[in-house]
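Residue numbers (our numbering), protein chains in the order written: chain A, 1 to 169; chain B, 1 to 417.
Some hints could be false.
To be verified - With a straight-line Cα cutoff of 16 angstroms, these simulated EDC-like cross-link-like pairs (lysine to aspartate or glutamate) come out:
no.: 1; chain 1: A; residue 1: K166; chain 2: B; residue 2: D49
no.: 2; chain 1: A; residue 1: K46; chain 2: B; residue 2: D395
no.: 3; chain 1: A; residue 1: K153; chain 2: B; residue 2: D395
no.: 4; chain 1: A; residue 1: K166; chain 2: A; residue 2: E154
no.: 5; chain 1: B; residue 1: K203; chain 2: B; residue 2: E166
no.: 6; chain 1: B; residue 1: K164; chain 2: B; residue 2: D187
no.: 7; chain 1: B; residue 1: K81; chain 2: A; residue 2: E126
no.: 8; chain 1: A; residue 1: K137; chain 2: A; residue 2: E154
In short, the hints are calculated from the structure, not lab data.
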Amino acid sequence: MAGVIKGRAFVVGDNIDTDQIIPARYLTTMEPSTLARNAMRDLEPKYGAFLDAQNKCPYQIIVARDNFGCGSSREHAPIALAAAGIRAVIANSFARIYYRNSINGGRSIYPLETAADLSPVKTGDELEIDLDKLTVKISGGQTFALKDFGPVKEIIDCGGLTAYNKKHG
Amino acid sequence: MGMTITEKILARAAGKKTVTPGEVVFAGVDIALAHDVTSDLAIDIVEKDFGGQVWDPAKIIILPDHGVPNKDIQVAMLVKKLLDFAAAQKIKNIFSVETGDYGVCHTMLPYRGFVRPGQVIVGADSHTCQHGSLGAFSTGIGSTELGNVFATGRLWFRVPETIKIEVNGRLPDGVLAKDLVLRVIGDLGVDGALYMAMEWSGKAIDALSIDERMTLTNMAIECGAKSGIIAPDQKTLNFVRARTPEKFEPLYSDPDAEYARALTYQAEDLAPVVAKPFSPANVVPARDCRDVRVDQVYIGSCTGGKYEDFAAAARILYGKKKSPGIRLLIVPATTEIQRQIIKDGLYDIFMDAGGVLVSAGCNACLGYHGGVLAAGETAVSTTNRNFRGRMGHVDSRVYLASPITAAKTAIAGYITD
Chain A
1 MAGVIKGRAF VVGDNIDTDQ IIPARYLTTM EPSTLARNAM RDLEPKYGAF LDAQNKCPYQ
61 IIVARDNFGC GSSREHAPIA LAAAGIRAVI ANSFARIYYR NSINGGRSIY PLETAADLSP
121 VKTGDELEID LDKLTVKISG GQTFALKDFG PVKEIIDCGG LTAYNKKHG
Chain B
1 MGMTITEKIL ARAAGKKTVT PGEVVFAGVD IALAHDVTSD LAIDIVEKDF GGQVWDPAKI
61 IILPDHGVPN KDIQVAMLVK KLLDFAAAQK IKNIFSVETG DYGVCHTMLP YRGFVRPGQV
121 IVGADSHTCQ HGSLGAFSTG IGSTELGNVF ATGRLWFRVP ETIKIEVNGR LPDGVLAKDL
181 VLRVIGDLGV DGALYMAMEW SGKAIDALSI DERMTLTNMA IECGAKSGII APDQKTLNFV
241 RARTPEKFEP LYSDPDAEYA RALTYQAEDL APVVAKPFSP ANVVPARDCR DVRVDQVYIG
301 SCTGGKYEDF AAAARILYGK KKSPGIRLLI VPATTEIQRQ IIKDGLYDIF MDAGGVLVSA
361 GCNACLGYHG GVLAAGETAV STTNRNFRGR MGHVDSRVYL ASPITAAKTA IAGYITD
């Protein structure tokens, strides 16, 4: 894992559950592009539209608060977001199955934890994430630190659990 | 320093003498469960990345339950793929509409003897945490993980801290495990046990039946927990030994085990509660919601569709009628429970009350089929989640409750205890 992710932020709050990320009525397939067209379909309207009129997502980074991805084990959630073009979710904390699915799935949709106050970030802000330095810079604004991945970084570096297991036999 | 039951199970499965919370271990898996919604990708991983061979067909249990009997063509394709995979892999443990003996995976698994104290169990379903009710370490995983477990038989786990929940005394009449677990979720919040194990103990827990214990551990995930667990006792051992000849070795927490947090409850203080939309932690006394009129009462799911859940509801509904115009859906978790409620006359009580029997399985618990809500509708449900749109239209509302509260609500037409 290395490099920089630049993109526009979509900002949400606490406890974004998997039923909002991808409602159960769309769980009749695991095909990424189909799921992407319905990503965040049932999100609370106060956060604004995640998809445009053509069902395309104009954002690359989600910024959330606590417990992002709570609820079901559906890996459809990170699959849908990744296929919609999201490269990273920055949050104060993640629900554990969502976090594991993001790491183990090897889809380059990084779950990035931070202790920082994320309230300065607004939807539409341009962010620059440095995965080596573990920092996030808001365009024209402040920089804050991300937590490191700890022992599971090796799995991320391999490109997910399947690649890790194939490498380590 | 001593270890908790969860730490001991993970240490043994990882081949280590001790583990400490926060440590990441690779542990061997004893049982892996797969259902229709989440297996598609897992099967692809076995076939495309690992040469098409599972590690041990005897340890994989196939239980299509979410969209069955197949609700549409796409689900039919998912179920067919899963059953074809099972046949090709010579997996014998299949419980499906095709075998005539099926139901919600989390109710099938213990009742068929696959859950044993001291085991490591994983399933591609978040409520897999339920199986700690019999003293196993059990947790929900994703589809990529399931595919890797299918192929290798092992998985990484971050050893969880444990929250100890001690419940002393005796639950009052009319108060069920569902009321207790909702109260605890309300107190902890939906992320109050994030990444942790929830270990239940105390006289009130000892007194609970196995069905009721399942309700407690089933909902651990609703406060973010990795697992829920109850130390095995004689009741546990009798339940398991009646269902499997397989050997197992129970483990128990040491007296000096370290807990991240301890909560203590006095059972006599508990009362019937509901979780209001849109969070399982939005818990208030049921009697405070008498202004809420309902369109549907749903008694079902792994949380609230077990035999004892129906027995509790039937005692309330005996000789009574549901409120006119509402739907009372009776959704047995498994075909075995369905058979039993018919045999014991509970079915007649529900039908006489104006209820309707829905085929066994997950159905509308997740808004998939079999009792989905329209915009503006409100349900009281014995299930485990009430997120936005959980049981249907995004503008519908779900109140989580015990089967007793659900039955009383069905009669009144508004929420009542």
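Hint check:
Taking the CA atoms of K166 (chain A) and D49 (chain B), the gap is near 8 angstroms; set against the 16 angstroms cutoff, the hint holds. Among the hinted pairs, K46 (chain A) with D395 (chain B) is consistent with the structure: their alpha-carbon atoms are about 14 angstroms apart, no more than 16 angstroms. Annotation: proposed proximity of K153 (chain A) to D395 (chain B) is violated, straight-line Cα distance about 40 angstroms (limit 16 angstroms). For the proposed pair K166 (chain A) and E154 (chain A), the alpha carbon gap of about 13 angstroms is at most 16 angstroms, so the pair holds.
A hinted pair counts as satisfied when its Cα atoms are at most 16 angstroms apart, and K203 (chain B) with E166 (chain B) qualifies at roughly 8 angstroms. With a CA separation close to 14 angstroms, the supplied pair K164 (chain B) and D187 (chain B) stays within the 16 angstroms bound. Between K81 (chain B) and E126 (chain A) the CA atoms are separated by roughly 43 angstroms; this puts the pair beyond 16 angstroms, and the hint is violated. Among the hinted pairs, K137 (chain A) with E154 (chain A) is inconsistent with the structure: their alpha-carbon atoms are about 25 angstroms apart, more than 16 angstroms.
Violation of the numbered hints given earlier is confined to hints 3, 7 and 8; the remaining hints are satisfied by the structure.
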